[in-house]
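Going by the UniProt record's numbering, the sequence shown opens with residue 1, and the numbers climb by one from there.
Source of the hints: derived by calculation from the structure; they are not laboratory data.
Mixed in with the good hints there might be a few duds.
[Stated by the list, open to error] Listed next, with one range per pair, are the computed distances between beta-carbon atoms:
#1 GLN479 <-> LEU366: 25 to 31 Å
#2 THR483 <-> SER20: 36 to 42 Å
#3 SER165 <-> LYS31: 27 to 33 Å
#4 SER472 <-> ALA211: 45 to 51 Å
#5 TYR68 <-> ALA451: 32 to 38 Å
#6 ALA211 <-> LYS31: 34 to 40 Å
#7 PRO189 <-> TYR68: 48 to 54 Å
#8 THR53 <-> LYS164: 18 to 24 Å
Heads up, the beta-carbon is just placed ideally off N, CA and C, and yes, glycines get one too.
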Amino acid sequence: MHLSILFLFFLRITSGLDVSIPTSPFPRAPKISPSFVSFSIEQDRWTDWVGLTSRNQFFINTLENLRYLTGVPPQIRIGANSEDHTNFNPCAKTPQLIFPAPSTTAPYPEATNITVGNSFYASARFLPNNTHVIWGVNLGQDNITAAFLEAKAIIRAFHAPAIKSAGIELDAIEIGNEADLYMNNGARPKTYTSAQYVKEWISFAANISAANTPGPLYWGAAFAGSSHSTSGFSPQAIFNEGILSSTPGQSISTISQHHYSGTFCFGNGAVLQDLMTKANIRSNLTGFSPDIAATRAQGLPYVLGETNSFSCHGTPGVSNTAGAALWTLDYLLFASQLGVSRIFSHQGIGFKYNLIQPVTLTRSTLDGSILPSPQPPHVQPQYYGAIIAAEAIGDGGNTAVIELNVNDTRVSGYAFYEGTTLARAVFINSQAFLSTNSGNRTSKHIDLSWASEAPETMSLKRLIIGHADDVSGLSWGGQSYETPDGTVDGTVEVEVLNVASGFDIQETEVVMITFI
1 MHLSILFLFF
11 LRITSGLDVS
21 IPTSPFPRAP
31 KISPSFVSFS
41 IEQDRWTDWV
51 GLTSRNQFFI
61 NTLENLRYLT
71 GVPPQIRIGA
81 NSEDHTNFNP
91 CAKTPQLIFP
101 APSTTAPYPE
111 ATNITVGNSF
121 YASARFLPNN
131 THVIWGVNLG
141 QDNITAAFLE
151 AKAIIRAFHA
161 PAIKSAGIEL
171 DAIEIGNEAD
181 LYMNNGARPK
191 TYTSAQYVKE
201 WISFAANISA
211 ANTPGPLYWG
221 AAFAGSSHST
231 SGFSPQAIFN
241 EGILSSTPGQ
251 SISTISQHHY
261 SGTFCFGNGA
271 VLQDLMTKAN
281 IRSNLTGFSP
291 DIAATRAQGL
301 PYVLGETNSF
311 SCHGTPGVSN
321 TAGAALWTLD
331 YLLFASQLGV
341 SRIFSHQGIG
351 FKYNLIQPVT
361 LTRSTLDGSI
371 LPSPQPPHVQ
381 PQYYGAIIAA
391 EAIGDGGNTA
401 VIELNVNDTR
411 VSGYAFYEGT
421 TLARAVFINS
431 QAFLSTNSGN
441 RTSKHIDLSW
451 ASEAPETMSL
461 KRLIIGHADD
471 VSGLSWGGQS
481 YETPDGTVDG
491 TVEVEVLNVA
501 SGFDIQETEV
511 VMITFI
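Hey, can you work out the whole structure from these sequences and the hints?
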């Protein structure tokens, strides 16, 4: 009687899964770049991130953490909404910014008027050595001179000895941010089309290229959405309209797409479990498959050049939580399976969805209220998702990743190969265990199966989370990144197990396996 009750209780809190892992990658297994996890930075307060006259060491430390794991620093895209509100004045020693009033929906709004000088662009010298940068110029105000002056100053900055000696490179210039929204935000008439965008883009890019020898490379598109067809705004549409066959269009090196899983622009809430759910992540991204295919058919990489959980800076109680770290990890890795070459997670000072808050904040990021005491720089839970992805990718420079077939609506799995050798696997249990849950925290037991000779031993690291709606207190393999200077603290903790024994993964947890 007692044994039966105990057995039923065990079944209720633990269930089993069998997951097959190929010991070598499929011939077309996607390669994943060491800088796959990269960042998009809101341009208005760029110098708050990196520093104007001296380095913001906290921010640099958070980038160096990722470089330590992959061997290369994240790429940095500087632009976004404020890109189309920026003008250049060589006399501006510091950025001149005009902001709208904070609100409960946008406690830290973007500047609507930005004037910068040479020092703004020269601050790129503070980035980690060998960082690759993409910088946006103003198309939205339809002032070709403004865009020309910005681009000229950007290119000049990257020719400076301090930047060149550090191996910091300007990969591309982006002309305009989300031109498909210009018809809605007053930047263009309601009748604005992608054909008009292509004509403007060619004119602006030709002007920039003619004044710089050699001319820069460009990112194309950077649209907020996509029609996924040759009409409307999409990669297919601008290809069809001849952007790549134009003289400056031949210098397009990458097609960029912006994407968010939802929006907080109208103050509407969201459900954390919905963000985390495996099926939602997949349906949210697979719609871009035609765009990715069309772009790769042109021989160009396709990136999510600005992305995060919910547009308009994130949803309080969702974007800033531990559950969002699991979403980040699954979102990143699944995107790699679709042919996305790199992910640029968007960040802005005080934005709710940030991985990193690089400066001291005086207002709440959730509702704009004045904080009882200033909040120093810190990482937010999503940062752990980036760290785990970076560690799984590794520093070998030849990593392939495949999604594993996990027959469960909450558990995802990915295998990582260095060359042809199985190196690691990551499993994510996206069932949200919330602080309001009254029941027991359940686990899944995973047994690994093999079509050929299996490894014998594995080490496990766990992302420890109290609850999915926690906003701090996470640890990865016994270590914390929630430190005053953004460096890692603590001793690494791993479990060493026989592969044949399998392992347990509880709700709201990540496990990384290294095969020994």
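Each hint tested on the structure:
Between GLN479 and LEU366 the CB atoms are about 27 Å apart, so this pair conforms to the stated range of 25 to 31 Å. In this structure the hint that THR483 and SER20 lie 36 to 42 Å apart at CB holds, the actual value being about 39 Å. Between SER165 and LYS31 the CB atoms are about 30 Å apart, so this pair conforms to the stated range of 27 to 33 Å. Distance hint for SER472 and ALA211: a CB-CB separation of about 49 Å, consistent with the stated range 45 to 51 Å.
Under the hint 32 to 38 Å, the C-beta atoms of TYR68 and ALA451, about 35 Å apart, fit the expected range. As the Cβ distance of ALA211 to LYS31 is approximately 37 Å, the hint placing it in 34 to 40 Å holds. In this structure the supplied range 48 to 54 Å holds for PRO189 paired with TYR68, their Cβ-Cβ distance being about 50 Å. Against the hinted window of 18 to 24 Å, the Cβ-Cβ separation of THR53 and LYS164 comes to about 20 Å, which satisfies the hint.
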